[in-house]
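Peer 1: Could you build the full structure based on these sequences and the hints that come with them?
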Amino acid sequence: MKSTIFTFLLLILSAFYAGAQILNGEGQVHGSIEIDAQYYKPDSLIGAPPVPEKILMNTYDQLDYTNGKISAGIRYEAYDNALEGYSPLYDGSGFPYKYIDYKSDGMEVTVGNFYEQFGSGMILRAYWSPSLGIDNSFNGVRVKYSPAKGVYLKGLIGNQRYYWTEGAGLVRGFDAELNLNEMDSAWNNMKTKIIVGGSFVSNYQVADNPTYNFPENVGASAGRLSIINGGFSFYTEDAYIINDPNAINGDIFKPGDGALVRAGYSQKGFSFMLGGERVDNMSFKSDRTATANDLAINYLPEMPRDETYQLAAFYPYATQPNGEQGFDAEIKYKLPRGSFLGGKYGTDLDAEYSAIRSLDTIALNDKTTTDQGYTTKILNMGQTNYFQEGTFEIQHKFSSDFRLIAQYDYEYYDKSIIQNELAPNIISNVGVLDGYYAISSAHTLHMELQGLQTMQDQGNWVFALAEYNFGSDWFLGALDEYNYGDPDPSLRLHYFTITGGYMKNALHITVGYGKQRAGILCIGGVCREIPASDGLTLSITNSF
Amino acid sequence: MKAKNIFWSIITAAIALSGCDEIATPLVQKQVNSILPTTKPAFWDSSAVSGPYAYTQYKVLLEDCMGDQCPNCPTACAIGDTLISPTGGYPYGQIVMMEENMGDFAIPSNNVAGYPSYAFSTDYRCYASTTWCTLFNLTSATYPTGLINRYGWNTSSPNMDVGYGGPGGTVWQDSIKDLINNNHNAAVTIHIYDSAWTSPRIIGATFQVTFKTAFPGSNTYSLEALVVEDHIVSWQKDGDLILGYDSTYDHRNVLRGAFGNTSGGLPSGIVIPTSASSTAGGTWTSFQTYDFTKGENGNASSWNMANCYIVAFVFNQATQAVVQAEMIKVE
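Just so you know, the protein sequences line up as chains G and Z, in that order.
FYI, my numbering numbers position 444 of the first sequence as 444, with every residue one higher than the one before it.
Just add 1000 to the spot in the second sequence (first one is 1) and you have my numbering.
Quick caveat, the hints were computed from the structure, so don't treat them as lab data.
All of these numbers come straight from a predicted model, not from anything done at the bench.
Take the hints with a grain of salt, since some may be wrong.
Claimed, not checked - Simulated coverage check for chain G against chain Z, where a stretch passes if three residues somewhere in it have a Cβ under 8 Å from a Cβ of chain Z:
no., stretch
1, 280 to 292
2, 297 to 308
What the hints assert, rightly or not - Cut-off 27 Å, straight-line C-alpha distance, at most; resulting in silico cross-link-like pairs (DSSO-like, lysine-lysine):
no., chain 1, residue 1, chain 2, residue 2
3, G, K515, Z, K1212
4, G, K69, G, K154
5, G, K69, G, K144
6, G, K103, G, K54
7, G, K41, G, K397
8, G, K103, G, K144
9, Z, K1212, G, K41
10, G, K193, G, K154
11, Z, K1212, G, K54
12, G, K103, G, K41
13, G, K54, G, K98
14, G, K415, Z, K1329
We put the CB at the ideal spot given by N, CA and C, even for glycine.
Peer 2: In structure tokens form, the structure reads like this:
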């Protein structure tokens, strides 16, 4: 407890003093600091458990130095102990991310830790998301090289981060991308831009299981094509993973495959996007026993939108790596300024629809033979409707002082699939009103009113938020989520929170006090459970 | 030029070291305690879902501790049989019940006064039931008695049997009701996939344990895998009958032995890595075989495979408390 408080105070001081970029000769130092701390109170009514430490804190502090062709960096992380909702395997502190990078003559070499993505990430994406508790960075060597104009090559080898240790698998990867317009002078001025790419990734893990002949080298490959012509854009990627029995797919030996297509058109005041995706047994981790978000080598792009409003995000979609197929379509249109409905500033309309279903599969009784698990009818849609969402949003600026956003959101949500718990399917309707009013140049008022109606799960909710920004740097807010429709009258609870803070340039300080309902947070189809909590929160971020 | 050479050397080395291993025969042929036949199994599961009740539901393990020379035991058995029946008040399959022969009433004898020499000469005890009888201090317990999810045990106070409440007693019902009311969904699920070769009398079973919530990393959990045989018609003392016995008594779900080896199996279970149990969604899989020609030091050769079930449960090694149980017919 004493060390927690000491670290906490030291970090707060560091955050305030991290005020400016430091110049040292030709070198430059940049950094950032983030502190998230919470004082917890148990609340059995909302399901907030007692936290023995009372206070928990996560902090991430990055320092980067660049001097000519060389750059180096280090990140300190401390979880004293990890905030509720984060794996306790994070408890502790250290320097999990450190690198040296050298760039010269079209070549870049990185040793140490690094993040990387091939294409859309379907066979390789290493990234860091503190809010999701994900860091699957590599520790090894990466080389990027451009041997000729328009030719971009990458190769890497390394182990992935697993909390404070490393995963069992050794990942090797290679990616090549050809920008045809850059390669040939004759193509250079063409209106149509074409980029093609291909990747190969292999994970090595010792196979010593007495039951299964697990493959020690699991390979994955992907090809991609991007075409852009004026306002038109098209992207497609197809990926394949050879037999990769793992904890996610139930140790079946069926190869995985996935396909992604996105096409869009945009011009001033109008855009249209259509996307489709198919995922079949595409969990690819550097440890075949890993579960949840641990040690993911790849990332499966999400079809539905990431909702930002509290109640619209109540039932977020989580990508199902074992199998799903779906599509997403979005159209945006701006009613012109001066028109009857556009008014003085114009009106933005946004309509989007997504649908995700299961694959059409046939189970096989082959556990003791080839153990493929199932076969898939590629051209058929599955019988199970996982998720549907239709969203319509209007954004209108009534005057230079007042802007209003209205949103309606319909959702069909198979909770038993998405959250893996026995529950009825949920149909919800969400309405949102979001207004900004500038009282003066230094005083603004932000208010939200949201309602969620559903006959299932916890029933109806209403959400209200008021936030007042004053003195250009300060803000004060209050919000309440009220579960007025819970089938159990004793659980019709308020989740009231007050917040306040200070924002000056990169320095953000936020203090909050109140209750947080249990739920899940999803970003890009990757999710983390958020436990119920009650207490005081403090968040400080700064960068220089 | 030098940089190019370095780059291509690295790429060539990476590709050479990388690769794909395509596996044509997923199962390792040589198993822990026997070798699976290469022929097609006579039976195998088609649903990949254990038990008659949804595997995602919480299930309670009821262990009916008894002996064939225990006159009051049929009364307790009847209570248990009612509980596991479709009309027992719970979804069929939510209670996994085993008859475990142990204690003085289960010691075989061919010299029981007033009975033929063969009446109680069969030993229905097994290595697992004998081990548990000692571990849970049931040697001198009042029979019949029962264990419900093995709650309440520690090394200094090993008694956790709850009796049975006498004729019409509701001790088992009440305890089970409390557990089910407090555990709507299973915190742990157990998938059992089984295949059975009737000719060489071998079964192979894959046990897939999934922790739906993260359990404390300081606790260790184990999987116990057992074979039980239903409908063994044999002698049983019965104090409710005028004769005082039933020579054609229908013994239900009799514990026969544990998976693990041919000399009685592993009554202490197979340890599940804490990396699986301390992670929400953590999964661990174990493949086990049971050779009916060798199991329980050869005693298994006389068991009726067609009436056998596989029972599996996950328990806390320190407290012995069972967190989930499953049962699937050998087929």
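Peer 1: For this structure, which hints from the list above don't hold up?
Peer 2: 2, 6, 7, 12, 13 and 14
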